[in-house]
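One letter stands for each residue in the lines below.
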Amino acid sequence: MKLELRGITKRFGALVANNNISLTVEPGEIHALLGENGAGKSTLMNVLYGLYIAEEGEILLDEVVQKFAGPGDAMNAGIGMVHQHFMLVPVFTVAENVVLGHEQTTFGGRLDLSAARAKVREISDRFGFDIDPDALIEDLPVGVQQRVEIIKALSQDAKVLVFDEPTAVLTPQETDELMIIMRQLAESGTSIVFITHKLREVRAVADRITVIRLGTVVGEASPTATNAELASLMVGRAVELTVHKNAPELRGTALSVKNLTVIDARNQIVVNNVSFDVQAGEVLAIAGVQGNGQTELTEALIGLQHHVTGSIELDGKPLRGYSVRHILDSGVGFVPEDRTEDGLIADFSIAENLMLDRSSGAPFVKAGNLQLGFRARFAADKIHEFDIRSQGSDMEAGRLSGGNQQKVVLARELSRDLRLFVAAQPTRGLDVGSIEFVHTRIIETRDSGIPVIVVSTELDEVVALADRIAVMYRGEIVGIVPGTTPRATLGLMMAGEHAPATEAAL
Amino acid sequence: MSTLTESNVPVPASAPIVKPTAQIRSWKIPITFGGFSVLSLILFVLFGRGQRGELSTFRLSEARDLIQLPEVALPTFATGVFVAIVLVLLAAASAWLVYRHRKIPIVLTILFALLFLVGFLAWAASGSTIPVPGLLIGTVTLSAPLIFGALGGVMSERAGVVNVAIEAQLLAGAFSSAVVASATGNPYLGLLAAMVAGALVSMVLAAFALKYLVDQVIVGVVLNVLVIGLTSFLYSQVLAPSANLNSPDVFPRLNIPLLSEIPIIGPVLFRQTIIVYVMYVAVAVVYFGLFRTKWGLRVRAVGEHPQAADTVGINVNRTRFVAVTLGGVISGFGGAYFTLGAVGAFNKEMTNGMGFIALAAVIFGQWHPIKATLAALLFGFATNLQNVLGIIGSPVPSEFMLMLPYVVTIFAVAGFVGRSRAPAADGKPYIK
Chain A
8 MKLELRGITK
18 RFGALVANNN
28 ISLTVEPGEI
38 HALLGENGAG
48 KSTLMNVLYG
58 LYIAEEGEIL
68 LDEVVQKFAG
78 PGDAMNAGIG
88 MVHQHFMLVP
98 VFTVAENVVL
108 GHEQTTFGGR
118 LDLSAARAKV
128 REISDRFGFD
138 IDPDALIEDL
148 PVGVQQRVEI
158 IKALSQDAKV
168 LVFDEPTAVL
178 TPQETDELMI
188 IMRQLAESGT
198 SIVFITHKLR
208 EVRAVADRIT
218 VIRLGTVVGE
228 ASPTATNAEL
238 ASLMVGRAVE
248 LTVHKNAPEL
258 RGTALSVKNL
268 TVIDARNQIV
278 VNNVSFDVQA
288 GEVLAIAGVQ
298 GNGQTELTEA
308 LIGLQHHVTG
318 SIELDGKPLR
328 GYSVRHILDS
338 GVGFVPEDRT
348 EDGLIADFSI
358 AENLMLDRSS
368 GAPFVKAGNL
378 QLGFRARFAA
388 DKIHEFDIRS
398 QGSDMEAGRL
408 SGGNQQKVVL
418 ARELSRDLRL
428 FVAAQPTRGL
438 DVGSIEFVHT
448 RIIETRDSGI
458 PVIVVSTELD
468 EVVALADRIA
478 VMYRGEIVGI
488 VPGTTPRATL
498 GLMMAGEHAP
508 ATEAAL
Chain B
214 MSTLTESNVP
224 VPASAPIVKP
234 TAQIRSWKIP
244 ITFGGFSVLS
254 LILFVLFGRG
264 QRGELSTFRL
274 SEARDLIQLP
284 EVALPTFATG
294 VFVAIVLVLL
304 AAASAWLVYR
314 HRKIPIVLTI
324 LFALLFLVGF
334 LAWAASGSTI
344 PVPGLLIGTV
354 TLSAPLIFGA
364 LGGVMSERAG
374 VVNVAIEAQL
384 LAGAFSSAVV
394 ASATGNPYLG
404 LLAAMVAGAL
414 VSMVLAAFAL
424 KYLVDQVIVG
434 VVLNVLVIGL
444 TSFLYSQVLA
454 PSANLNSPDV
464 FPRLNIPLLS
474 EIPIIGPVLF
484 RQTIIVYVMY
494 VAVAVVYFGL
504 FRTKWGLRVR
514 AVGEHPQAAD
524 TVGINVNRTR
534 FVAVTLGGVI
544 SGFGGAYFTL
554 GAVGAFNKEM
564 TNGMGFIALA
574 AVIFGQWHPI
584 KATLAALLFG
594 FATNLQNVLG
604 IIGSPVPSEF
614 MLMLPYVVTI
624 FAVAGFVGRS
634 RAPAADGKPY
644 IK
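Chains as they are written, first to last, in our numbering: chain A, 8 to 513; chain B, 214 to 645.
FYI, nobody ran anything at the bench for these hints, they're computed from the structure. Positions of the beta carbon are idealized from the N, C-alpha and C atoms, including for glycine. Certain hints may be false.
Unchecked claim - What follows is a set of in silico ranges between Cβ atoms, one per label pair, in the way DEER data are often shown:
no., chain 1, residue 1, chain 2, residue 2, range
1, A, 465, B, 234, 47 to 55 Å
2, A, 383, B, 428, 29 to 37 Å
3, B, 505, A, 250, 41 to 49 Å
4, A, 215, B, 428, 46 to 54 Å
5, B, 234, A, 29, 36 to 44 Å
6, B, 234, A, 97, 14 to 22 Å
7, A, 383, B, 234, 36 to 44 Å
8, A, 114, B, 234, 35 to 43 Å
9, A, 114, B, 615, 43 to 51 Å
10, B, 240, A, 379, 42 to 50 Å
Go ahead and model the full structure; you've got the sequences and the hints to work with.
Encoded structure:
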């Protein structure tokens, strides 16, 4: 089925998310939609899927103008979507999720799940997925959940499939397999829209590439274009794709973690007997697919987990079992992975957010009184130093862009006298400019002699920053390898295969 | 691309993730067991000997039963000592299990509770007779409004709307059923009016929660206060002066032939009013509806992940509205129990907090219609035990016994029987 978007414009108040976007996807074509976070890709696809109604423009399928009042209409017209955040009910089975919204019933309104199971098996056989229709979604790995999403779309005879940032949650191997599936689908005549900001993937799989920036189409590119060309088209200027850094100046072991085990509220061992050291002056990156214990590991370091055994020592002093306050006072800086939930209070001003963890005493508080003058000067300094684009230190943090919010978090954490810096997913959802800035600050922190731990699910980021890389899989550290380890090796380790012999050398 | 296929995933694609688990030592249960063991030692052993009599009698049949079972007479003190010793042993066993990082089986908890109950009954009834059928019949009868309320709550919360207004729905049902049944002289019309009233209360909750996105707990609390105020006002201004508006016919007990003659079970389950018989049907229908039909799948989907439901073309707010309204119909029907099933007239605030106990049953019953029903039965039992002990003149002060259902509720809700997991989107309005 041929898909055509003509002059789509979508506004949210004063913000124009999509400005006169036109796009054609031929049958059997994989059309990549490339753009930065916040460029308007997802908005466009939500318009296509009937979740948003566009102010202007029209959607055509096989030259016929469509009017979608909701996702149901779009689905009936043959559009399927694999969402970035899976639209699957975790406590339902695969079959229940696949039939939801299109249930067949037998006598007395009974749900006919056997038909649904047969459908799942049929599609899953066609693509070699090997999926049990009766498995609960919450028990399945994310890569498999994504296949359920694909089955769900195909079970509705989707002729146009939209993949919204599908690789964000996958291991490199799973990503490769997804590419193969996309090819298979395209060959069977499905039109595919592939939304991403990852250049490598676009070049691997796309037939055509449309680049959008700030809600506008800025050009088409062919898959043969170089990374640098695509990046500059996407960002609008030449981009440094690598982080400049010198060899680390190691100054002895600062953080020492031994046999750390974390048990969560559901009695699951989420971090299993993990040991590692971080030297002052180096970046240890913790790589791994989301949900393999990285979150809990960083939370254990900062004292946010309750059932922790093993030892954590910073400069020879134990940290495990102490309060968060004590750990912060010991000089641990922490950038949480969810900046809007855990990093900032959205309704507080920038200045208030900058002193969140400093309210216990001078210079911010004297005799129980906030030192507003000092705070204002401090905030002004930091806004200048970290280039936080805002309307002044009284602006609510929630109104800043993602990149500027993250700068506020960084400014707060780095302005203390640090002995250890832990950054979890420091650039998730940020634009390229902000990513460059964050990476530079992290390397500067390292060079000032502070041990740094960076947790990231993005292999690009891990490779760019790390002096050493610890790969986590199902709560364990699969191996600790040098920062120069090839991506293919890291990818295998992220899927649980043990590291080559290099590990022993460290 | 062919090279890529070789690097296939090392695990079978659909293998569920089996996360290793570890038992965190929680001393909650051993400590509680220990507390009750000590209590039983004090009550049954220290104060167990011969204040009122040597024997505790349990009567298993009613006078009019066809099949008469003999009375069981237990020696009060010996039973107490035996129970206390076993309870101490069970508490020690639970402590040992926790010490060895093992899970305490649920059977142990149930056994402990039952034994304590037997010991307590034997102690409380020393020198007198406990009518077991009467105790259980009353349990089912008293549980009826709780079960209806809990079913209404389950329905609403499974769809993602927190229903704190069960009390209001019960009370509105009680009031309108009394008035309509009195005015028309037809108690069945009263039942219908009760359902309508419950539905109306629910619709207000749904409208504020879904359309105006007001905090659902606050709307629920306000509705409770509103309905209490409204019915009390109407009672004193309208019903009190003209008594003919507040004298509905009470449903008689209907004995189901044959079934009602089964020893113990017969009188308990099959010598009840039509309201209780409807309750059996309601439990089955709600269970079937939620877990076996297309409609139920959709209701649970909007309660767990409304966005997922929306993206497959399900109208989230309409589905929620219908489920909440139906929940109100069920709760409202339960309200009719107070007037048409028991008292025969409406009184101010006659639901007396039963709606909140029903809410506790929803949580204790893990948002599952059958488990919630069992929870409601437990609470009903606690309430009726207090009545029965009051009648036979047990040594426990009745004020203390009045606390019992609430104490049971607190222990239940505090998580002694497994952790409750609410529907993921419960209480969260869906905004696109």
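**OP:** Hint by hint, work out which the structure violates, then give me just those numbers in ascending order.
**Re:** 1, 3, 5, 7
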